[in-house]
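S.K.: In the order they appear, the protein sequences are chains A and B. All you need for the working numbering is the position in the first sequence, starting with 1, plus 1. All you need for the working numbering is the position in the second sequence, starting with 1, plus 5.
Careful: at least some of the hints might be erroneous.
Stated by the list, open to error - Derived BS3-like pairs (lysine-lysine); straight-line CA-CA distance at most 30 angstroms:
1. B:K7 with B:K146
2. B:K266 with B:K279
3. A:K66 with B:K279
4. B:K361 with A:K66
5. A:K66 with B:K290
6. B:K82 with A:K78
7. B:K216 with B:K361
8. B:K285 with A:K66
9. A:K66 with B:K294
10. B:K302 with A:K66
11. B:K285 with B:K123
Stated by the list, open to error - Computed beta-carbon distance windows for the label pairs:
12. B:E352 with A:Q95: 25 to 35 angstroms
13. A:K116 with B:Q42: 52 to 62 angstroms
14. B:Q42 with A:K6: 49 to 59 angstroms
15. A:S67 with B:P343: 18 to 28 angstroms
As the list claims (entries may be wrong) - Short, incomplete list of chain A residues facing chain B, as computed with Cβ under 7 angstroms:
16. F43
17. V65
18. K66
19. S119
20. E124
The set of hints was computed from the structure by calculation and includes no laboratory data. On a predicted model such as this, the values are computed, not experimentally measured, just so you know. The beta carbon of each residue, even a glycine, is placed where N, CA and C say it ideally should be.
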Amino acid sequence: MSEIKSDLLYTKEHEWVRKAAGGTVVIGITDFAQSSLGDVTFLDIPDAGKELRAGEIFGTVESVKSVSDLYAPVSGKVVKSNRALVDDPAGINQDPYGDGWMLEIQVSNSAELEKLLSAGQYESVAE
Amino acid sequence: MKQTCLHSQHVSLGARIVDFAGYAMPVQYAGVMTEHQTVRERVGVFDVSHMGWLSLRGPKIAELINPLFTKDVAPLKNGRALYTLMCNKEGGTIDDLILYKESDELIHMVLNASNKDKDLEHITRYLAAETGVQITPSFDKVAILAIQGPRALELLKDLGCPLEYQFMNFGRWDVLGKSTYLAFTGYTGEVGAEWIIPVEIAGELWAQILKAGAKYGIAPCGLAARDTLRTEMGYSLYGHELTEDISPVTAGLNWAISWDKADFVGKAALLYEKTAPTRKLISLKADSKRAARPGAKVHDSSGHECGFIASGTFSPSLGYSIAMAVVSTSSDGPYYVPFREDKLLFEITKRPFYTKASKS
Numbered sequence: 002m003s004e005i006k007s008d009l010l011y012t013k014e015h016e017w018v019r020k021a022a023g024g025t026v027v028i029g030i031t032d033f034a035q036s037s038l039g040d041v042t043f044l045d046i047p048d049a050g051k052e053l054r055a056g057e058i059f060g061t062v063e064s065v066k067s068v069s070d071l072y073a074p075v076s077g078k079v080v081k082s083n084r085a086l087v088d089d090p091a092g093i094n095q096d097p098y099g100d101g102w103m104l105e106i107q108v109s110n111s112a113e114l115e116k117l118l119s120a121g122q123y124e125s126v127a128e
Numbered sequence: 006m007k008q009t010c011l012h013s014q015h016v017s018l019g020a021r022i023v024d025f026a027g028y029a030m031p032v033q034y035a036g037v038m039t040e041h042q043t044v045r046e047r048v049g050v051f052d053v054s055h056m057g058w059l060s061l062r063g064p065k066i067a068e069l070i071n072p073l074f075t076k077d078v079a080p081l082k083n084g085r086a087l088y089t090l091m092c093n094k095e096g097g098t099i100d101d102l103i104l105y106k107e108s109d110e111l112i113h114m115v116l117n118a119s120n121k122d123k124d125l126e127h128i129t130r131y132l133a134a135e136t137g138v139q140i141t142p143s144f145d146k147v148a149i150l151a152i153q154g155p156r157a158l159e160l161l162k163d164l165g166c167p168l169e170y171q172f173m174n175f176g177r178w179d180v181l182g183k184s185t186y187l188a189f190t191g192y193t194g195e196v197g198a199e200w201i202i203p204v205e206i207a208g209e210l211w212a213q214i215l216k217a218g219a220k221y222g223i224a225p226c227g228l229a230a231r232d233t234l235r236t237e238m239g240y241s242l243y244g245h246e247l248t249e250d251i252s253p254v255t256a257g258l259n260w261a262i263s264w265d266k267a268d269f270v271g272k273a274a275l276l277y278e279k280t281a282p283t284r285k286l287i288s289l290k291a292d293s294k295r296a297a298r299p300g301a302k303v304h305d306s307s308g309h310e311c312g313f314i315a316s317g318t319f320s321p322s323l324g325y326s327i328a329m330a331v332v333s334t335s336s337d338g339p340y341y342v343p344f345r346e347d348k349l350l351f352e353i354t355k356r357p358f359y360t361k362a363s364k365s
């Protein structure tokens with residue numbers, strides 16, 4: 002059974018969203034996603050400063066046998082990008098909700114957070 | 006989908022199962038990175054029973070079938086294995102395989118799973134007029150287990166293997182009242198063997214291998230690790246570096262062709278290609294962890310599309326992306342593979358990508 006944290010929000014594309022202070026969110030991919038991928042070999046995410054639009058592809062995560070697009074769960078500006086994770090993507094497999102964080106985003110439209118899934122709703126997606 | 010005789014063992018070990026050549030096969034167990042490393046540093050065991058064991062019996066069988074193969078099979082000594090290819094008249098590859106000469110009257114082959122029916126038909130048609138030849142496919146009647154890694158030979162000794170190691174030697178090994186073959190061959194670049202076992206005792210021997218191998222840190226390994234290991238060695242995989250349209254000359258396998266052998270199927274076409282090649286297989290590496298995928302288009306530095314990726318992967322032992330590509334002989338590096346918003350830049354290198362000296 003993959004782990005789902007009750008205090009996070011989720012997307013159908015298997016990303017998690019944590020609300021942080023000052024109107025930002027931190028995002029990554031879920032335990033279910035990392036398990037489906039297998040050992041992550043490559044991560045491509047934007048640097049700080051990039052503007053994202055909800056639903057658009059912002060990057061790529063790869064394993065030996067698969068390639069997955071990463072979708073922006075909300076619109077906003079990237080304020081922090083986990084470059085250490087790009088250098089060594091193993092954190093995605095080992096600690097998807099912790100060291101595996103990918104971006105911190107300054108949310109431009111907080112109404113978009115309402116569209117995200119609760120842990121309970123994500124549970125039925127991650128079966 | 007078909008299954009090998011060890012399917013339930015793979016399921017109980019938690020393997021992720023995929024369809025490969027019509028078989029439900031384990032692609033990974035604990036994970037491709039750890040499995041790959043286990044083979045490079047300790048010992049791993051692979052179930053490759055989807056491949057086809059074929060035996061041919063008849064007087065002077067090696068001479069009789071020699072024209073099917075690019076390599077000269079006739080001088081092969083008893084107890085020796087040989088890597089060779091069967092080509093079509095246009096020089097394209099029907100299959101690449103290992104051939105085992107047991108005696109002047111008995112030869113075996115291991116055929117790629119995706120080609121075994123095609124190969125059997127090709128060989129049968131070639132030998133149709135020969136009344137003294139027995140063609141015995143043992144597809145799905147034998148298991149084939151590859152035991153590979155620096156500790157493999159110690160493990161085999163612990164299991165009671167009576168054969169002395171010499172690379173590309175093979176012999177019979179009677180175990181549990183049945184006849185098996187053990188060949189010192191492999192597809193990983195590590196020392197080891199491939200064991201051909203009647204299905205009736207395969208389950209018992211698989212369990213014995215894992216039990217005796219525990220002290221060496223053995224792990225069961227799947228097709229994903231098999232692919233990263235062979236790619237690091239620059240070994241061809243049928244369907245990638247070799248196809249009905251890609252000849253062994255294009256694939257840089259001149260050493261697997263006996264040019265001074267009397268005529269063999271495809272020889273004229275291969276000779277012609279050797280004098281005027283239009284395509285070549287090159288080895289590439291990138292300063293990136295991003296893999297180029299098979300089929301991706303390759304461009305030269307002026308932007309012209311000049312070929313395609315045959316195999317490409319992140320290399321677990323080297324820590325960067327490696328690939329083999331078929332490109333036009335008139336093109337020059339550096340090359341790139343385009344991505345959505347990016348270019349993956351490759352420089353030309355030589356295979357094997359990985360050597361014992363190069364490990365990171």
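S.K.: Hints first: check each against the structure and report whether it holds.
M.R.: Each hint tested on the structure:
| no. | hint | in the structure |
| --- | --- | --- |
| 1 | B:K7 with B:K146 | 13 angstroms, holds |
| 2 | B:K266 with B:K279 | 16 angstroms, holds |
| 3 | A:K66 with B:K279 | 35 angstroms, violated |
| 4 | B:K361 with A:K66 | 25 angstroms, holds |
| 5 | A:K66 with B:K290 | 18 angstroms, holds |
| 6 | B:K82 with A:K78 | 70 angstroms, violated |
| 7 | B:K216 with B:K361 | 28 angstroms, holds |
| 8 | B:K285 with A:K66 | 26 angstroms, holds |
| 9 | A:K66 with B:K294 | 14 angstroms, holds |
| 10 | B:K302 with A:K66 | 19 angstroms, holds |
| 11 | B:K285 with B:K123 | 26 angstroms, holds |
| 12 | B:E352 with A:Q95: 25 to 35 angstroms | 32 angstroms, holds |
| 13 | A:K116 with B:Q42: 52 to 62 angstroms | 42 angstroms, violated |
| 14 | B:Q42 with A:K6: 49 to 59 angstroms | 30 angstroms, violated |
| 15 | A:S67 with B:P343: 18 to 28 angstroms | 20 angstroms, holds |
| 16 | F43 | 4 angstroms, holds |
| 17 | V65 | 5 angstroms, holds |
| 18 | K66 | 6 angstroms, holds |
| 19 | S119 | 29 angstroms, violated |
| 20 | E124 | 22 angstroms, violated |
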